[in-house]
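Residue strings, one per chain:
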Amino acid sequence: MHKTFTVSLLLLWLFTVPALAQNEKFKALFLLNFAKNIRWLEAPANEPLKILIVGDKTIFQELEALSKHTSIGNRPIVVEHAETFMQHSHELVYLSTEKSALLPELLSSEHLTKSLIVTDTKNGCRAGAGINFITNAGKLSYEICRKHVEQNGLRVSSSILNYGVQIE
Amino acid sequence: MKLKPLMVFLLLCGTFSFATVAQEASHSDIDVRSLKKREILSLSREQLANLSFEDIIYISGKFGISIDELLEASVSVSTKSALTPRETPGIISIITDEQIQNSGASNLYELLRTVPGIYFGYDVDGVIGITMRGNWGHEGKVLFLIDDMELNEGMYSVVPLIKHISAEQISRIEVIRGPGSALYGGYAELGVIRVITKNGNDLKGTQIGGSAATFTHGISNTGAHFATGNLFGQSDFSLLATWNKGHRTSGDFTDFNGDTYSMHNGWSDTEQLQLNLKYAHKGFDSNLFFSNYYIVPTGYDEMVPNRFRNLLGRVRYAFQPTDNIRITPSLFYKTQTPYNFKSENWFYQRHVSQINGSVDMVWQMGGGFQLLGGVGTRQDIARIGKSEQNQVGEEFYNDKFELTHNTVFLYTQASYSGAIGNFFGGLRFEDHSVTGSNIAPRLGYTKVFNRFNLKYLYSHAFRSPSIENINANEEIEPERTIVNELELGYRLSNNVYANVSLFDIVIKDPIVYSFDYDTETEFYLNDNQAGTSGVEMEVKTVFDRWSGAFSYAYYTAARNNKTDYYSVFIDGNEKKRLLKGAPAHILHLQGTTHINNRFFVTTSLSWHSAQYGFVTSDEEQEKMNAYLLADITFRAKNLIIRNLDFTLSFRNILNETYAYIQPFGMANMAEAPYPGAPFETRIKVLYSF
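So the protein sequences, as listed, match chains A and B. To get the working numbering, take the position in the first sequence, counting from 1, and add 23. Mapping the second sequence onto the working numbering, position 268 (from 1) lands on 251, and the numbers just tick up by one.
FYI, nobody ran anything at the bench for these hints, they're computed from the structure. The structure presented is a predicted model; accordingly, all values stated were derived computationally and were not measured. Hints may be right or wrong, so weigh each one.
No more than 27 Å apart at the CA atoms, straight line, and that leaves these computed lysine-lysine pairs for DSS-like [unchecked claim]:
{"hint": "1", "chain 1": "A", "residue 1": "Lys73", "chain 2": "A", "residue 2": "Lys26"}
{"hint": "2", "chain 1": "B", "residue 1": "Lys181", "chain 2": "A", "residue 2": "Lys145"}
{"hint": "3", "chain 1": "B", "residue 1": "Lys265", "chain 2": "A", "residue 2": "Lys145"}
{"hint": "4", "chain 1": "B", "residue 1": "Lys383", "chain 2": "B", "residue 2": "Lys369"}
{"hint": "5", "chain 1": "B", "residue 1": "Lys265", "chain 2": "A", "residue 2": "Lys162"}
{"hint": "6", "chain 1": "B", "residue 1": "Lys187", "chain 2": "A", "residue 2": "Lys26"}
{"hint": "7", "chain 1": "A", "residue 1": "Lys170", "chain 2": "A", "residue 2": "Lys59"}
{"hint": "8", "chain 1": "B", "residue 1": "Lys430", "chain 2": "A", "residue 2": "Lys145"}
{"hint": "9", "chain 1": "B", "residue 1": "Lys620", "chain 2": "B", "residue 2": "Lys559"}
{"hint": "10", "chain 1": "B", "residue 1": "Lys559", "chain 2": "A", "residue 2": "Lys162"}
{"hint": "11", "chain 1": "A", "residue 1": "Lys162", "chain 2": "B", "residue 2": "Lys181"}
With the rest of the complex left out, here is chain B:
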């Protein structure tokens, strides 16, 4: 008898539990907000097919992007008209806002370090510049754009890197790893780096932040960041301000003269103030960018800052007279004071300004045809400052303290997109009032075959001599470059994409820098042929909770370089495959794990093969050992309180010793390699409201 109540109870329990299961299986009103990602992934197709649109929107927002979205995100750096990275006629690398935030990078140099083929070398006076595919690209061979405004200064046409151009202000970077002269002109010979800063739509509120970092010897950097911006109807407004001050490296540094400098006691100091104001309304947009950056170089009796000031401004208005034509007139002005230096034995205070007016047009002709083009004129005015006039008294080559150069340019590109692929043909013509005319044609073919993509690009490019090139040698001529590029890409799965690109760069009559330390005069000359050929490989992965990138870059100078200024000689024998200061092999590995929606861990490994050049003396070239840089960054969103971001980053955790070799130095004129940063710990806090 006692079993009966138990049996009834068990049956009731069983019935109830079966009923519950049955009811759940037939219930279409699933509360997706209570589900974890894993549970959402396990929903059946029947359940998914019957979710409301609101629920679909909600759960799609919980997941990250797949590789498709990286491949299909439009880029315009290589065409001035948006195309997907697989179709665009350029070998492209993109660094997204998410990657920037997770990387722990604090400036443009640290972000570019992850791009295949990009490396860095030592210029002079504490300046670190860019190397592209093994070629020294610092002086006017790589174009840097900030919101499509030319950042290269006008006297030597350089952009100093390391702790310059704050990562906090950057929304996205597009890099063409090959020539862009056909569209962008004379600074885009070996590459274009297009930095897009945050606008009101990115910010939608205000951000306040601070950062601090330490080397083993003490504080290495402090910084502050403020940004505000929003959309107001069809208007977009933003204001960004960033300030950083610190040291670039640590320890003692001994130069080729045997002088030793304590780098953490002022001899590697740097400071940057960067302001950025943007306003856009419908087709109109205006930008104002200011940066004041200095570094303290070694080699002088006293600590004197080497300053670079930039003020860039641009207004443009895009309108459509018809549905398929867009015309954009623009007016750009910049004034810059580069390498501004005031010491007893070296005094340089020269200002250069540029005014540039242009009209660009994009015409969608129908049937897959597109025509784009532009015409413009530019005036560069250089002036020797009063202080230098009084202190030095030296004039420009025209026997005046001021000179003016004028340039007229026009470019065009026709393209056809159809079932057989995308065809591109274009050219740029420039006429400079001193150095004459240049024409840079280019041809391209791209095709996406479902998972495969193919690109072939044939480009001419040129490098216009800068004002100081001409000032030092009135006979200097533009260097001209021919580049062949081939890229093959394959989407291995929905989450993995791989590509291989081959390149061959021949630079004719390269403009090379030299310095006579006896007379303390610099000069430039057109030397023999330079250039490299090589291969770059990339594998990119984007998963729900993990994204990663692997890249390998290799160059050889064996066939193309005939310039001793760049050549490597060890024990009297030329190492023909190598160029000074540039590692032949660079491997980069980076991965970000999304622990959950709030916590991210990013690890990065960069291996650089041995480099050669003047390492311990300026008499004989030597080998500098390979090195490995390893970083790890922890990022937490909404930490403690809502909208508070916290980043903890450990840089060069192996504490590797490395330095940047001067890529162009000759015996008795070379400078000692500039030491890289040792192990560094950084914290960054950002509050948004």
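So here's chain A without its partners, still in its complex pose:
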């Protein structure tokens, strides 16, 4: 009886109702802020800033919903989704973890020579990405390779550099 009672109490405690995690939401928020904190190449006024999400549809949906409420200067944000890389120009391309194998294709694409590539895989920056999501002490963070970003003619704000882990 005592044993049953103790086990029941433990089980009850074990299954305390949890709250929902916000991981995709944060990745989308980070991507939005990367877009805001990069000095993009000159573009005609009101021309949309195009972001491509390759893979993770949840991040796409979240970022698309967020982007309706803000803009980059006077440029609206357009978010697109694809399961594989489309040979079109985008200012920012996010490659989700399961699509990491596409990185070499992105890096060699003539459509992305002026773009920021963000990955979500181990050693993404070392493999050529400008920014790569990582987990640091259980929290979402990112690595940034200034060289990879600036070789595409983009400029990085000090806040992006300061909050991330810089990779040489």
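Given the coordinates of chain A, assemble chain B onto it according to the supplied hints.
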């Protein structure tokens, strides 16, 4: 007239309050630092989209990781090159730093208890060893790595568990629950346990701690811990020291000879000192690990410690001659004194050292192709200590007090990652100066389809005979194993991931241990086929304030085991599905609730089905009842003063009686099951600065 001032007042109040609401709704400068988590979660997308980057960084730091981060955290144990757990060619379990700290576990054994398919059995002389998927893996069948240095001792190739390898020093554990011989060689036949200890980056300062624990009969353990480390530019330095002393169990224990031992009065004593020094600079890293561990076994007229000493050291340097090639030469040395025992009727003092030089290479070939490989040579030197020479005088099989074995090895693995999946093919070749050559090939396919993932692995593995195996039987041959594994995983939501894995293990010519108590001689032989097949299931959940894991492991030996040493016979009838000492079913349930950022409660339930073997006598095998272990741990961070951590843990709160059966014992040679620990209360204090 009197109503007029009241009306004006009400209108003013209404106007003011509406204005305030309107002003708040249009205000984008939300002070996120003043918001509670619940309030942050209720922010609208418009509000979130207009927060500053600094605010986003702040609030993301307040939330825990989701299941994605566990699934995408890279592991390298199964490839020597980082991949996500869903893609890596191995059936993997990971125990993170956060899980270790919240669990209340004090040593490696208690952490491994939560891994599906892992169990424990009784060896001899007070030593508890590992069982993997039902198979006794203690003697050289499971490779233990400490910071990628081989911990298995060289004479019998074991790692004694229970109160050995302190949890305080561990940052992370990666477990391959299947073979790893193709990459790691002859001790990785059934599994690889890779323990990664804390470095300067983990510590970033100094820690001082102490622990104490009690059984019902009194103090069961006391311990002290010191760690310091930091990053200095591109250098990482750390020094860790842990000491523990206590009893492993309590109460009275009666062995098969009818002798009774009071376990809380010295007969289960244990002590461990563990030192760990690490330095890394850019591509260079060096490690020095020392442990001195003893246990007091029963079965002797006097209390004599059975000692295990390990000193491991390694230097390696990783450099990149080109952007896509990494080469790592390394030099590893270890010297060990296992089962060091000095009593009137049993005297064992043998030292074994190993020097191992190797070069590893990883080549990212482009187009999704990767090639990795390595080549090396190893020399093992065993020596009978002066005390044993004088006391016993027995020589090795080569009629000397010293012997040398040499091994040359090379391994390679090619992989391709593309849209159709990840393909792996590799093999390892080893040539041992006494036991000859072994080749272990493996093939693997993994694929992540959004929420689904699939793995199929076909591996050959082997177990190299250890020095004492050869010493006891010069004709002994390596045992060879074929393993098929299939894993299906599915991410049910952002917070829940589940997987099922099937395995089939066939061990040919298993090396089995036997002991003749009449002549007091041990011997080894290659017996008939052994092995198991079965299923493991895991469900992992990570939420903002709660994380949990459920696992179930089942094995059957019905098709694969033909070795009587491992078989179960009850009333003369063989129970073909079972192996001695290993429960067919293990259920594990663990959950951690984050009360807030400072307080955590972790509960754990582990149920083990009935086990069979020599339980009350060494003449007839019997059933030992199923048992349930329940633990609860309370952890508080920044208690009273900043950076003071306090942990209160209650272990085996149901006070279940259980014991570890000897998994290999035969009639008239088996030893009595070793009793597990009863209800225990522990406190641990850790201060960081």
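> Which of the numbered hints are not met once you compare them with the structure shown?
Replying inline: 1, 6, 9 and 10
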